[in-house]
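Protein sequence lines, in the order shown, are assigned to chains A and B. Position one of the first sequence corresponds to residue 1228 (the numbering used here), numbered consecutively onward. Position one of the second sequence corresponds to residue 1228 (the numbering used here), numbered consecutively onward.
Certain hints may be false.
Identical copies go unnamed one by one, so any copy, or any two together, can satisfy a pair.
To be verified - The calculated EDC-like cross-link candidates involving lysine to aspartate or glutamate, where the alpha carbons are at most 16 Å apart (straight line), are:
#	residue 1	residue 2
1	LYS1263	GLU1239
2	LYS1441	GLU1239
3	LYS1448	ASP1302
4	LYS1397	GLU1422
5	LYS1448	ASP1259
6	LYS1454	ASP1302
7	LYS1448	GLU1619
8	LYS1592	GLU1239
9	LYS1344	GLU1422
10	LYS1500	GLU1536
11	LYS1448	GLU1239
12	LYS1405	ASP1455
13	LYS1627	GLU1399
14	LYS1441	GLU1383
Calculated directly from the structure, the hints in this document are not laboratory data.
Protein chains: 2
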Amino acid sequence: MQRVCIISTGTELMLGSTVDSNANFLSRCLTDLGFKVVTRYTVGDSEEYIREAFTQGLRQADLIVSSGGLGPTLDDLTKQTACQVLGVQPVLNNEEVQRLRDFFRRRNREMPEANLKQAMFPPEALILPNRVGTAPGMYIARQGKAVALLPGPPREMEHMYRSALEPVLKKEFSIEPKVARQTIKVLGPGESQVEALLGSLMEQPDYSIALLAKDGEVHVKVSAEAKDLEQAEAIRDRAVSLVEAKLVSHVFGYDDDTLEGRVAVLLEEQGLKLAVAESCTGGLLSKVLTDIPGSSLYFWGSVCSYSNEAKEMLLDVNPDTLNRFGAVSPETAAEMATGLRSRSGVDYTLSITGIAGPGGGSAEKPVGLVFLGLAGPEGCSVKELRFVGHREAIRILAVKSALDLLRRQLTRGGSKA
Amino acid sequence: MQRVCIISTGTELMLGSTVDSNANFLSRCLTDLGFKVVTRYTVGDSEEYIREAFTQGLRQADLIVSSGGLGPTLDDLTKQTACQVLGVQPVLNNEEVQRLRDFFRRRNREMPEANLKQAMFPPEALILPNRVGTAPGMYIARQGKAVALLPGPPREMEHMYRSALEPVLKKEFSIEPKVARQTIKVLGPGESQVEALLGSLMEQPDYSIALLAKDGEVHVKVSAEAKDLEQAEAIRDRAVSLVEAKLVSHVFGYDDDTLEGRVAVLLEEQGLKLAVAESCTGGLLSKVLTDIPGSSLYFWGSVCSYSNEAKEMLLDVNPDTLNRFGAVSPETAAEMATGLRSRSGVDYTLSITGIAGPGGGSAEKPVGLVFLGLAGPEGCSVKELRFVGHREAIRILAVKSALDLLRRQLTRGGSKA
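Chain A with its partners taken away, still in its complex shape (with noise of 0.2 Å):
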């Protein structure tokens, strides 16, 4: 098996003023691949310890990965520093220098000087482009080993990582995995409550099934190991089945799917517009939703009526019912969404109106009680909730829950929820 050594430069590492989430990144996604990684290293911004580890890297993997350290300022020295280790000599490259100044001119920024080095590669390296930051990284194979830096930003380094090295890596090592995974995503029930559904399917010997909670979600990450593939993938598959059948309706998608990208789909499936009003929330359910590229299509708008005026004013929501029954009740729960729904004329609002806390609480309505409100063509219900946490997971999960309303009523259509 091929190892690899990764290397992650940054003196906020050193400090422990930030958690060092790329070499876990890369492990993992190196690990996934069919590498054995051996050593990680993580040094500051010292060309000293850079070229230590450097050097014994080299020495203990056949590929080194590192991220950091690409920036233009005088503390970035990995480039220089590994291209010392590996016996070659960085050059302006002029197409670099051509895009690093398109990209300030989009940017109407002067280029500073210090920036030409992010232009600098040894002309055997292969570069890898940044499609996120101006730092670009770099690939190169010298003597049997390969090298590759990756910039520090955690999106940045997770791009360059997907869309640029791996697929190098792929064919330079010629890679066979032997692993199958699924992740299968619940809303609704809790991890314990997922895992008596589970009962024996929790223990086989020939898969295994681990549980995420997360967010409000459970991940049932089904994993299985055969001789190959397809084999591998036989028996997750054949896994994933008997889950699925014991979790039915609660699952709401699968890997990288996510609770808002699957209400996406059902809308434009279902050429359904959807608006939202919200309270406690402030905004999220909105940003959310809009999350997703192409959102317009089937996102008309929201109202975030934080105060009783907005709700009056942009919600039509009754003074009297906001007297009566107060800001976070189900009346006005159901006002909220059927208002927005008679301004708008879209087919589904959503409404949520709560108290995220941590003030605004009291015995009759403590924090984390939360209404949602859902109209649309077959009329108006409503959904009380109480969540236990800290304000920004109440907030959370309310989005979550209100999302799952939707998406259990866009598909009642179909399958039976």
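Take the given structure of chain A and dock chain B to it, following the hints.
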């Protein structure tokens, strides 16, 4: 300054299934104690790589702190390997044997023979008791170097560090914190522009400045070391003043401050109310503003007008404006802000309209083009911005820029922006 090497062992780390939070915890604690963490190694449960890590660590640092590999099973190799490298011989410690037997007796369980391994220590070592699990740690000083071994489970490791190791380190290394830090947070100029503005401040002998770019913000991290903490703080304070003098109105906060938190304070102090109208950011600005508990004091609410219809219906944007100039135009941004201000009667409204991508761009109006509107008692102003990056980055940058526009407006009364 005393140098530290941190070693984490455990195959689960190399597979990426577990994040190495121990290394982060120890980095923070040891830095706060006055040590300089120079290298971190993460290795699997392999004698070869554990030996290399300890050998390297002893060369590079005055102190090694490791976590993991102290358990009773075959793959727990840290203690025996570290002892080999140090040239010391673990022998059965009778007190520890007794303690282990008691531990199992209290739980009415038979002690597996394998556990005896956990009672083996070199006579030179100080045994660090484990009040949470079965594996004790150890501390040993040899030839001017010191090595501490802690268990892997984070709860056990953290407890042992705080209760047993930290007091020993304070005594043995006669440490007194001598480093003073502050982070100055900036929005507006990019990382290399900040570096250019700071000029020679970046390279001073008695304090150090590191820059970190994060979601459009630049964090200027100032740290000063001196013979005692008081003097370090004085040097740091002088450095911070010099940095502030260069960056003036671009500075929005310090340390844990956030941009939205700064805006919240300004609105509250001045008794002002805010409402926002968003398009491409889809509710993110509203969400960020309401992340802050108590935001209902100054936040009226928001409209996410994702469709033209919503812009007309909820914000009174003129259909002619949309037809003539388009939804992404300075004219629409202005009408969104003024329309919502008239409706809500609040002091200030912010608006955002733009193209977050990946679709929807054109040569004339590319992905990343964003217009911000700010309406207030002074009238309405519009700002044009061009961002480069993916959808999420563009949305975050647009939200930060909108908050910064308002921050600069609200501070203009006091210090000139």
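Hint check results:
| no. | hint | result |
| --- | --- | --- |
| 1 | LYS1263 to GLU1239 | between (27 Å within a copy, 12 Å between copies) |
| 2 | LYS1441 to GLU1239 | between (27 Å within a copy, 13 Å between copies) |
| 3 | LYS1448 to ASP1302 | between (41 Å within a copy, 13 Å between copies) |
| 4 | LYS1397 to GLU1422 | neither (37 Å within a copy, 39 Å between copies) |
| 5 | LYS1448 to ASP1259 | within (14 Å within a copy, 37 Å between copies) |
| 6 | LYS1454 to ASP1302 | neither (44 Å within a copy, 25 Å between copies) |
| 7 | LYS1448 to GLU1619 | neither (26 Å within a copy, 27 Å between copies) |
| 8 | LYS1592 to GLU1239 | neither (44 Å within a copy, 38 Å between copies) |
| 9 | LYS1344 to GLU1422 | between (54 Å within a copy, 14 Å between copies) |
| 10 | LYS1500 to GLU1536 | between (26 Å within a copy, 13 Å between copies) |
| 11 | LYS1448 to GLU1239 | between (33 Å within a copy, 10 Å between copies) |
| 12 | LYS1405 to ASP1455 | within (5 Å within a copy, 58 Å between copies) |
| 13 | LYS1627 to GLU1399 | neither (42 Å within a copy, 42 Å between copies) |
| 14 | LYS1441 to GLU1383 | between (24 Å within a copy, 12 Å between copies) |
In summary, the structure is inconsistent with hints 4, 6, 7, 8 and 13 from the numbered list given earlier, while agreeing with the others.
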